[in-house]
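Turn these sequences into a full structure, and let the hints steer you where they fit.
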Amino acid sequence: MSEISKVARAAGTSGAATLISRLLGFVRDASTAWLCGSGMAADAFFVAFRIPNLLRRLVGEGALNDAFVPVFTEKLVREGKDEAARLAVAMFRFLALCLLVITALGMIFTPLVVKVIAPGFDASPGKLELTIYLTRITFPYIFFISLVALCQGVLNSLGHFFAPAFGPVLLNLSMIGSIYFLAPFVDPRVMGLCIGVVIGGVIQLIFQMPYMAVRGVKPWKGRTLWHPAIKRVLLLMGPRILSTGVYQINVMVGTMLASLLAAGSVSYLYYADRIVELPFGIFAVSISTAVLPTLARQAAKNDREGFLESFGYAMRLMIFITVPAAVGQIVLNRPIVALLFERGEFSPDTTIQTAKALLYYNLGLVSFSAVPILIRPFSALQDTMTPTKVAIIAVLANIAFSAALMGPLAHGGLALATSLSATVNMGLLAYHLKKRFGRLGGRAIMKSLLKALFASGLMAAVVWGLRLVLIGDGHLHTLDLLWRMGACITVGMSVYGVTAWNVAREDFGFALAMFGGGRRFKNLGNRLFGRFKK
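This note's numbering puts the sequence shown at residues 210 to 743.
Think of the hints as simulated: they come from the structure by calculation, not from any bench. One or more of the hints may lead you astray.
Unchecked claim - Derived lysine to aspartate or glutamate pairs resembling EDC-like cross-links, with alpha carbons at most 16 Å apart:
#, residue 1, residue 2
1, Lys430, Glu292
2, Lys510, Glu283
3, Lys656, Glu715
What the hints assert, rightly or not - Now the in silico label distances, taken between C-beta atoms and shown as ranges:
#, residue 1, residue 2, range
4, Val325, Arg513, 24 to 34 Å
5, Ala332, Asp512, 55 to 65 Å
6, Asp682, Arg648, 41 to 51 Å
7, Trp710, Lys430, 50 to 60 Å
8, Val700, Glu554, 26 to 36 Å
9, Pro437, Ala696, 57 to 67 Å
Every residue gets a Cβ at the ideal spot worked out from N, C-alpha and C, and that includes glycine.
The structure is reproduced here in structure tokens:
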């Protein structure tokens with residue numbers, strides 16, 4: 210099996226598990242909206258959840274994996290599986306010790322952290338105190354979920370992608386269960402949701418252990434707390450904390466500034482971010498996760514041609530999928546929000562405000578999705594400084610854009626600022642990557658982008674007309690809205706698919722290889738891979 214075919218299969222496996230997780234995530238968010246709406250409890254919970262979640266994405270899924278996977282893969286390729294397993298066990302134990310300290314410090318200094326993250330909450334009586342209380346409950350989540358992220362890096366490097374991608378399903382089930390079976394019995398009710406977060410982290414870690422053990426990595430055996438390669442991981446990890454977490458840092462900056470705006474602004478941004486993360490998580494993250502071990506192997510073997518081919522494939526596949534996703538969410542933004550969340554405490558006005566943020570976030574969806582893929586070549590080559598320098602510029606750009614736009618556009622300006630800074634990040638990463646390699650298959654990537662825009666434009670015209678006929682601007686019952694939205698989405702996907710088959714058949718084949726489980730689709734993908742030109 211070719212390396213590109215391996216990436217396609219891995220991305221498909223990860224994407225399928227992530228799809229289940231994201232769908233359950235919407236059930237979770239709809240349940241949270243029913244429980245909290247966009248009031249004080251909702252704002253407090255979203256900040257409390259975002260603080261450990263930000264640390265998890267920066268330290269765990271982001272910097273740690275980007276630093277650990279290339280070093281682990283190099284050990285695997287050059288010194289064998291046993292030595293790589295020793296590194297993984299030592300890293301697990303060392304990380305657990307560090308996380309205990311971080312968790313304890315986080316719980317002690319929660320009031321200071323919350324005041325920095327949500328400075329505007331101090332103006333609302335009881336809001337700051339509730340947020341501090343909830344943050345202390347959720348903070349231990351970072352201990353468990355960061356260890357889960359390390360397990361993900363190990364398993365992905367060993368060619369297993371399903372269990373790490375399926376883990377978030379367990380978190381969502383835990384949170385949904387806590388809303389209906391725990392929250393009614395505690396006061397405040399939102400505390401039950403926070404407890405569900407921590408339980409979900411514990412379950413995810415337990416779930417990974419058998420898959421690790423089968424592959425020879427058993428953190429509970431032996432007494433090793435250190436491995437010489439850990440020092441190299443830490444040196445690579447430091448700068449990566451900023452570069453891999455730019456999107457999350459920018460979202461957190463948006464949360465901080467939104468706390469200074471009208472009540473509910475934090476919630477509007479959270480709900481919109483959850484929607485835009487559906488295609489981002491299923492496709493962009495799955496593709497970038499799948500391609501990193503391949504790039505690391507090719508870098509360890511000095512396979513430059515294969516390295517560039519894998520990168521070009523990942524970019525073209527991402528473009529083919531995320532461009533229509535962004536266009537579709539722009540055209541159907543308000544009906545999407547209404548269908549997912551408008552019930553209970555989530556009012557029609559909240560729908561309008563959330564849809565506004567969703568529109569601006571989607572303007573940057575392709576940029577959000579391109580950044581993790583553009584970072585992967587630097588990670589595979591163990592270059593941490595270039596993405597870090599770019600990340601600093603992107604964060605500063607986000608602050609400047611936010612300051613300029615939050616006045617005229619309120620929370621929508623904060624979402625737009627995040628999109629603009631992601632575009633800056635993408636452009637600078639592409640520039641430095643081209644400067645390093647000379648050629649990246651940029652012409653083929655640009656052709657794929659233009660073809661995807663053309664097909665998405667036709668799709669948008671048809672779906673917009675269908676929306677006016679079937680949905681309009683009226684308020685519809687959930688089931689009525691469901692079938693009308695289903696019709697719009699089905700027709701839109703059909704228009705995009707038929708157009709893409711005629712103008713972008715090679716990219717269409719890439720997508721079939723990712724999604725198709727049958728031999729027919731795999732053979733088609735393999736034939737197309739054979740004709741792939743950088």
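Comparing the hints with the structure gives:
1. Proximity of Lys430 to Glu292 is assessed by CA-CA distance (about 15 Å); at most 16 Å being required, the pair is judged to hold.
2. Restraint check: the Cα-Cα separation between Lys510 and Glu283 comes to about 9 Å, which is no more than 16 Å; the hinted pair holds.
3. Among the hinted pairs, Lys656 with Glu715 is consistent with the structure: their alpha-carbon atoms are about 11 Å apart, no more than 16 Å.
4. As the Cβ distance of Val325 to Arg513 is approximately 45 Å, the hint placing it in 24 to 34 Å is violated.
5. Our hint of 55 to 65 Å for Ala332 and Asp512 holds, since their Cβ atoms are close to 57 Å apart.
6. With their beta carbons about 49 Å apart, Asp682 and Arg648 fall inside the hinted range of 41 to 51 Å.
7. Between Trp710 and Lys430 the Cβ separation comes to about 52 Å, which falls inside the hinted range of 50 to 60 Å.
8. Taking the beta carbon of each, Val700 and Glu554 are about 33 Å apart, inside 26 to 36 Å as hinted.
9. The given range of 57 to 67 Å is respected by Pro437 and Ala696, whose C-beta atoms sit roughly 60 Å from each other.
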